[in-house]
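Asker: With chain L fixed as given, assemble chain G onto it according to the hints.
Top line first, the protein sequences correspond to chains L and G.
Counting from 309, one number per residue, gives the positions in the first sequence under the numbering used here.
Counting from 309, one number per residue, gives the positions in the second sequence under the numbering used here.
The hints are simulated quantities; they were obtained by calculation from the structure and are not laboratory data.
Mixed in with the good hints there might be a few duds.
[To be verified] Label-pair distances were calculated between CB atoms; the ranges are: (1) Thr381(G) <-> Asp484(L): 22 to 32 Å; (2) Asp434(G) <-> Gln333(L): 20 to 30 Å; (3) Gly450(G) <-> Ser360(L): 53 to 63 Å; (4) Gln333(G) <-> Glu374(L): 58 to 68 Å; (5) Asp363(G) <-> Ser348(L): 34 to 44 Å.
Beta carbons are placed, not taken as given, at the ideal position from N, Cα and C, and that holds for glycine.
There are 2 protein chains.
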Amino acid sequence: MVKQARAQLTREAIVAGAAAVFERQGYGSASIADIATAASVTKGALYFHFPSKDDIARAVIQRQHEISFSAGTAIMEQGYPALETMIRLCAGLAGQLLSDRIVQAGIRLTTEVSNFERPVADPYEDWLATFETLTSRAIDEGDVDPRVEPAILAHFIIPAFTGVQLVSETMTGRKDLRERVQQMWAILLPGIVRAERYEALKGLPELIAADR
Amino acid sequence: MVKQARAQLTREAIVAGAAAVFERQGYGSASIADIATAASVTKGALYFHFPSKDDIARAVIQRQHEISFSAGTAIMEQGYPALETMIRLCAGLAGQLLSDRIVQAGIRLTTEVSNFERPVADPYEDWLATFETLTSRAIDEGDVDPRVEPAILAHFIIPAFTGVQLVSETMTGRKDLRERVQQMWAILLPGIVRAERYEALKGLPELIAADR
Numbered sequence: 309m310v311k312q313a314r315a316q317l318t319r320e321a322i323v324a325g326a327a328a329v330f331e332r333q334g335y336g337s338a339s340i341a342d343i344a345t346a347a348s349v350t351k352g353a354l355y356f357h358f359p360s361k362d363d364i365a366r367a368v369i370q371r372q373h374e375i376s377f378s379a380g381t382a383i384m385e386q387g388y389p390a391l392e393t394m395i396r397l398c399a400g401l402a403g404q405l406l407s408d409r410i411v412q413a414g415i416r417l418t419t420e421v422s423n424f425e426r427p428v429a430d431p432y433e434d435w436l437a438t439f440e441t442l443t444s445r446a447i448d449e450g451d452v453d454p455r456v457e458p459a460i461l462a463h464f465i466i467p468a469f470t471g472v473q474l475v476s477e478t479m480t481g482r483k484d485l486r487e488r489v490q491q492m493w494a495i496l497l498p499g500i501v502r503a504e505r506y507e508a509l510k511g512l513p514e515l516i517a518a519d520r
Numbered sequence: 309m310v311k312q313a314r315a316q317l318t319r320e321a322i323v324a325g326a327a328a329v330f331e332r333q334g335y336g337s338a339s340i341a342d343i344a345t346a347a348s349v350t351k352g353a354l355y356f357h358f359p360s361k362d363d364i365a366r367a368v369i370q371r372q373h374e375i376s377f378s379a380g381t382a383i384m385e386q387g388y389p390a391l392e393t394m395i396r397l398c399a400g401l402a403g404q405l406l407s408d409r410i411v412q413a414g415i416r417l418t419t420e421v422s423n424f425e426r427p428v429a430d431p432y433e434d435w436l437a438t439f440e441t442l443t444s445r446a447i448d449e450g451d452v453d454p455r456v457e458p459a460i461l462a463h464f465i466i467p468a469f470t471g472v473q474l475v476s477e478t479m480t481g482r483k484d485l486r487e488r489v490q491q492m493w494a495i496l497l498p499g500i501v502r503a504e505r506y507e508a509l510k511g512l513p514e515l516i517a518a519d520r
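Excised from the complex, chain L in its bound form:
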């Protein structure tokens, strides 16, 4: 048991060290030696846990997705209406991108398609399914217009968020990220909510951006 716990700690240290190195240098020029140094483990220990740099990168993405998705689950369990939940999920992920090194590295690795033989699509699939379900619920709850197709809206919001955070990183080092995510929702709402609900809902993106 002690051995297992120690192995788990070592894996976590490697993932955290790798996240720091990938964030600083990018995947391509990061070496196993850099990651071992950043994680304060020997190269031997590192190879024991992860046979290749590809495996380490996938572990960072997996850990990031666990962090982001479990924070998302906590938001979903708070009982907000589904539309508000979607806006809160985006604001929450923006917050993680501003504060959590593993989330920063995991999202960066996911969006850098060239890093992998097969691009990493699983995290997108989880979020697409979640936002599709939430859109259906938001229609049932009377907030979203029933003419909106849940699968199609979800398959726009998730890529749009992906691009908004990417361009925010590129142009401002994420300084304008919260504001851009809020604007994304402000632009989307008049086109997707039921006309009679718009006045009541239009303030939500700003309210949620202010509520941290």
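Answerer: What follows is chain G alone, placed relative to chain L:
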């Protein structure tokens, strides 16, 4: 003059070869030797034109941006209303992403933030300025609702398109790209056009996607 023309051809061959190598292997693992081989030039000739891999990548991005922006200028000169022009610009760039190796490589390099010490922001700035101007014109032309703020809408559409093409590449190898760009506009239109213009305009994204 002959010498200059030959140098220009060599540069173009290097950019085309580099685009193929970056698309296949990504920036990180592409070597100068790979690029020289793909371009059918000696490593010496390559170093004469481009001192570093970073310089080659920036030349690919610059060439891609010239290709995309001059195709965009041609669309803008056709005299369509400004809103239709924006939809056509997105459809046009989607078409280039499906057919032009240099465009594919340039966009990939631009979105892979880790490749460069300072991320490449200039191409975004050109498109943001263009879409801001077009949105203003679309308001003057009575298609877009005057409550829409041109700078804010532009700063959502360009990142959203960036994410839509990235996720399409990741999840389907761009097979669904045209359809997703069309859906992006179908989702945006009801929220941004003047209510009395919606019926007349709502068919545009589908019409333009079909018109190649």
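Asker: Please name the hints from earlier in the document that this structure breaks, with their numbers sorted from lowest to highest.
Answerer: 4
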